[in-house]
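Chemist: Residue numbers (this note's numbering), protein chains in the order written: chain L, 17 to 348; chain W, 17 to 348; chain F, 51 to 568; chain X, 17 to 342.
Worth flagging that the hints you see were computed from the coordinates, not collected in a lab.
Every residue, glycine too, gets a C-beta built ideally from N, C-alpha and C.
The reader is advised that the hints may include incorrect statements.
Unchecked claim - Pulled a few chain L residues facing chain F out of the computed Cβ check, cut under 10 Å: (1) K118; (2) P121; (3) T217; (4) Y218; (5) G219; (6) G227.
Unchecked claim - Listed below are the simulated BS3-like cross-link pairs for lysine-lysine, each with C-alpha atoms no more than 25 Å apart in a straight line: (7) X:K283 with X:K149; (8) W:K238 with F:K130; (9) X:K312 with L:K118; (10) X:K283 with X:K145; (11) W:K118 with X:K312; (12) X:K169 with L:K118.
Chain residues, written in single-letter form:
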Amino acid sequence: MTQLIAAGTDVTVSKRLAIAAKVKNGMIANSMSLAVLCVLVYFSFASPHFATAGNLATILVAAAPFALIACGQTLVILTGGIDLSVGSVIALAAMSGAIVAKANPEALWLGIAVAVAAGLVCGAINGILVAGLNLPAFVATLAMLTTASGLAYVVGGGAPINGIPAGFGAFANTTLFGLELPVWLMFLVLVVFALLMRRTTYGTRVYAVGGNITAARIAGIKVRGVLYSVYAVSGALAGLAGGLLSSRVVTAAPTLGAGYELDAIAAVVIGGASLMGGRGTIWGTLIGLLLIQTLNNGLDLLLVPSYWQSVIKGALIAAAVAVDVFVARRKS
Amino acid sequence: MTQLIAAGTDVTVSKRLAIAAKVKNGMIANSMSLAVLCVLVYFSFASPHFATAGNLATILVAAAPFALIACGQTLVILTGGIDLSVGSVIALAAMSGAIVAKANPEALWLGIAVAVAAGLVCGAINGILVAGLNLPAFVATLAMLTTASGLAYVVGGGAPINGIPAGFGAFANTTLFGLELPVWLMFLVLVVFALLMRRTTYGTRVYAVGGNITAARIAGIKVRGVLYSVYAVSGALAGLAGGLLSSRVVTAAPTLGAGYELDAIAAVVIGGASLMGGRGTIWGTLIGLLLIQTLNNGLDLLLVPSYWQSVIKGALIAAAVAVDVFVARRKS
Amino acid sequence: MQLHSTQEYPDRSPDAPVVECRDVHKAFGHVSVLKGVDLALRSGTVTALVGENGAGKSTLMKIIAGQEAPSAGEIRVGEKTLRAASVREAREAGIAIVPQELAPIPDMTIYENLFLGRELKGALGLLDRSAMIAEAGRLLREFELVVDPRRPMRELSLAVQQIVEIIKSTSTGCDVLLLDEPTSAISEVEVARLYRIIDRLRERGVAMIYTTHKMEEIRAVADRVVVLRDGNLIEDRPAGEITDDQIVTAMIGRDLDEIFPEIPPPRDEAPRLLVADIEVEGFGTPVSFSVRPGEIVALAGLVGAGRTELIETIMGIRRRRRGSVTVSGRAVRRNDPAAAIGAHMAIVPEDRQVAGLVPRLSILENGILPRLSRFSVGGWKRTALARSRVTDVMNDMRLRSASLDQPVAALSGGNQQKVVLGRWLTDRVDVLLLDEPTRGVDVGARSQIYRIIADLASSGMAIVMASSDLPEVLGLAHRVLVMRRGRIERDISLATTTATAAQEEIFSHAAGFHASPR
Amino acid sequence: GPDAAEGGEHRLRIGVTVYFMSPFITQGKEGMEAYAKARDIDLLWNSAEQDVSTQASQIDQMINQHVDAIIVAPVQADSLGPQLARAKKEGIPVIAVNATLKDTSNITTSVLPDDVKAGEQAMQIMVDKLNGKGRIAILQGALGSSFEIDRTKGMHNILAKNPDIEVVAEGAADWKPEVAGNKVKTWLQSAGGKIDGIVAQNDDMALGATKGLAEAGRKDILVVGIDGIEDGLKAVQNGSMLGTNLQHGVVEMAAGLAVARLVATGKPYQKAYTYNMPIITEGNVDAAYQNVVTGKDAFLAKLPGLVDANVTSGDISAGSLNDQAG
Ligand SMILES: Nc1ncnc2c1ncn2[C@@H]1O[C@H](COP(=O)(O)OP(=O)(O)OP(=O)(O)O)[C@@H](O)[C@H]1O
Ligand SMILES: Nc1ncnc2c1ncn2[C@@H]1O[C@H](COP(=O)(O)OP(=O)(O)OP(=O)(O)O)[C@@H](O)[C@H]1O
Ligand SMILES: [Mg+2]
Ligand SMILES: [Mg+2]
């Protein structure tokens, strides 16, 4: 019912309404969460090994680097951009970090720091290209994809970095309260970014820039700064993911992370974000990510041959999103 | 419908003006064409082997399959969509075509026909997902990318198709007036699509749907039909490209065409199209394609190591587009 | 001059309705917008559809045009019931619409937009572009619009876009034409041209619905007045049998006293806003003027006079190459809207869709957008504070909405306009720049907005208002700057001139009859 | 070629197109360059980035330039028919190196590793250690490559003879360690922890598997790899891997160039050369490590002599492991 907000409207009432709307839109009514639930339930029945603590931990460890880059990707996509470069930024960061770690066996954390820094530099260049030089994000980050991938080979002289001190594995393989460090890091990043997007003015700025860049500019938002920042963040998170990945296997290859960008973007879009910008949430991305990672794990557990896995994954993702779109249209 | 032919307007004057405007906007003033020219001139000086008839023919042969998928991709991108699946549709089409060709050594053309048909089916499914079920194009075609790639393995039982009759190579390796058949096919497809987009109502509809879907609807355009058609066209052209590729090297592998989608999309976007839809031309795509293919060939000729090639290609593409964007902004 | 040279129009009995809405209901979720509307349109008549913002006018038009599905009820054309939400069928039945929120294809040229869906074809069924260009040029000239039909739509001002949209819909040979606030962005000269077109269509037997918030327009075109309130059709009478006051009362459910409030004289202080020697982009003559605290200065002129550009340049949205803008004695950094906001300037842009709102964000979030730092501590949003302040100002603006968490896209046009103005008022504003501030706002809300503007002026704000609405200019401003071709032709003080004299002077200077020799 | 007569002395120009700059090829390139420098050969080096079509274009480009010979490490075994036929027509010899070409009618000779045998050897190490009875998992490379196909075939050859070895899981980890680590952990879950050994088709995946096993707290499970990369040899040294097979890229690829030189200069050559990968276990790993890692420069210095001797003798893997053999 249309109602005039009368003078002295009870603020708490409208707050309660807001919360109800949020719950309805974001969680329970989100059919994608339901799809993930279905997949979880199916695998639990299909394989006795699926719903075990050990296996869930395995899923989380595998998900961690994707969660990092998907967070950054969410921000970029919210502004209406795209970051295709994360896959090869991971490779470049991992290679740079590994070389530094190998050269400084007494200060292995330097390896991780350098990986993050390398990612940040790549992201910052993306930011300059998009925000400063007005390149379409697709072109800018595609150019970075190619360049960073080439540099990853250059850094290692074409070969993977071998002979990294075993201690470098500590970052990704230390267990804390039963879960590996990367998993905790994933939780931390997800919570921080969810808060950032929901509760801070930075989040509002990102949504505004993606929702209507002209209006955002006229409202005094420094559009360039916002654009710049999301690419920098995405790059830094890709760098961190690269560092963790190479710490996990204590090696670094120029092909590390190849193709990860598509999985990350898929997670964001499956989670309900629009590639036109302005729509999407960290929570949605998490759901999308869980769908992909659970499928990867469950199909492996059921020993489905690799190529049938691709077929099933493709079909299921299309189906889940189709149902989601259908439900969303029915609601409106 | 009303016919609104004006009596007594000087048609020739406005026609001449129109041509002038076209030349200014589309060709001379397009700084991307200039970038391609610079690259051509540089390579001609840098390598005595570049500007030879044989080498230019080699560039054209290599460009042909990309030109086909880039044409389809242009249409899809003009509607505001994207077709990520072309790479693996190429693989699936090539595998299906090769199997049929192998089984029917007396009717090898069947192989090409089946490849086109397989591509068309994939494209049609993309069309249904996007136009019928309203899936975001990115998700729909990413799902198809995964599925078709899996199916390409399934078709061949995980391995490439061996033992294709040598005669299958005739399609791609026959020379006509000094140029291979695929090159003529490329010219044909480019001309047909350029005409289609500039001179027919179909082209106008595609631009309108991408430019403003609401306005297109209000104008009575069958938006779904248009969307459906561009994906079908893109799929069929990918199928044809797959058939030609496998004929060229007389083989078919499930990895054939992997990653081609990015090169095709890059060509379209470098050519000035907007991923938001509504802006772009076949001519622009051709220019973008030439830039990429010339770089590939010239850098190979100069024996630049492959990873430095990546670095250079990435940087040059970013630079060329940056100049293009800068010039375009200065003009307006 | 004839729009349609070849189309034949069948004879119709003048009484048979061309199109009929039967018991049309519409609800968005739980919000009921139309509650059973019956409306029959007859050939060769113009029906003015009026009502408050959010009454459901646009919704009804969209349902007739097949853009929305009714929740219940049907649309009939002749003996046929139209399929719900089928633009195609509506079009084929001869229904055309000029939508309230324009839908141009920005990357296409004017002529391509004009001929969208009915392109002219030549040999082999190929497009005949030169014929389309020639014909488009003719249609534009008929509207006295001197613009190359090959220009892309995105380069044109909102006004020109609206004119193109009008030409597009009126030249299709439709039987039913729905005009949803077709004059919201254009000035009186163009409005007069629209009247001529409407008269011609009426003679040809086209049935029209015309939505507007301006009484003069109702009087000028309507044969019949239909009033919607809260989704109900509560008044349906021949135009001659209803007075202005009756219309207003029917619309807002109460009497409206004087539309224009008492405007106190400006304070006799140093200028609050000082604009010196700035160039309006694309024109090149320097412009200077000043505004004192409490003063309302109106910018008048024809479409394309450069008012929007001037305002945008002052706010730092457009590039300023030279000159200065000073607020309360302090120079404002150029080309930086954030600096302008920091200097306590505020703007209500002309095109709220493009420049004003982020449609997917909620009213609350749009409400705090220009004031993010005020509603945050260290970047952390103070949601409770924001909610209470935005609730306050939106109540002052009499915003109609289900809740502050509704996306602004779901508001009616007039209510969106209130959000665009109201959101600035959560904090101090010294200089308020208004570009067509009451575009699409209903009379009730308009008088409310005028009152707010008057209050803001009396609190010491300097207000610059570009408006194509002459009564608004005369009723609100202390001073009128008449613009033409990017320069100020005339500075008229309304305190010392009578309304009629001022009106005449504005017209003649805007049209260039007094053009100063260059 | 046009540049052929240069100061009277014919300087050889040999085109090389490889499938991709894999670590193996990168290593091999060093060997080829060392050999080319010592024997005054111009190398025209192109990488096809895993794309057959690109490789076809590169061969076209080399034919256009009239090189003296073309060395190809094909992206795909059964491919390039028309291009190689054209090379033959132009009288340019083609030598297949590292990966097979099915159609031998257009290739002059080949220098190939025995990937089937490598698969057999890897599996045999595992079978021997398990005394012919146990539960194992197989990590395959990217499906469809000739390496994956041949190594898989070799492994199954041995499995056929050992019915008491049960394969509880077999899947592709695309040559990548991080993928292998995840796969192995998942398989451990689905096998209820009952896995005795993992045979990987390359060392990268084997190493990834050891990391995954360590995360799962199962350092008792045996792992075997193929290729003998630096970290793989180290893992054999410290016992986290049971064994591997050494494919010494430097030796193998340089042999390819030496054969190409024989062909191009009209010397006699064999119809095919086979590189047998030495088995690396605890016993001989130190010598291998010396060759591949610590003494690499010294090894490269004497490589040309070693390779020429190998090509003459026909045993091109000689000296890969024991430097005194050269
Ligand atoms: N998509 C939508 N979702 C929810 N509510 C909507 C939507 N579209 C319109 N409404 C609501 O329907 C009501 C009627 O809107 P409509 O646009 O028809 O009003 P209007 O009479 O045209 O007003 P105006 O004079 O401001 O243009 C408004 O309250 C508006 O908030
Ligand atoms: N009648 C016209 N003929 C040709 N071009 C026009 C016309 N009207 C506007 N334009 C174009 O639009 C541009 C800007 O016009 P705009 O409408 O923004 O100015 P304005 O003074 O703000 O007018 P208003 O505020 O009345 O809409 C002009 O520079 C001109 O290029
Ligand atoms: Mg309306
Ligand atoms: Mg204006």
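Chemist: Could you work out which of the previously given hints the structure breaks and list their numbers from low to high?
Modeler: 1, 2, 7, 10, 11, 12
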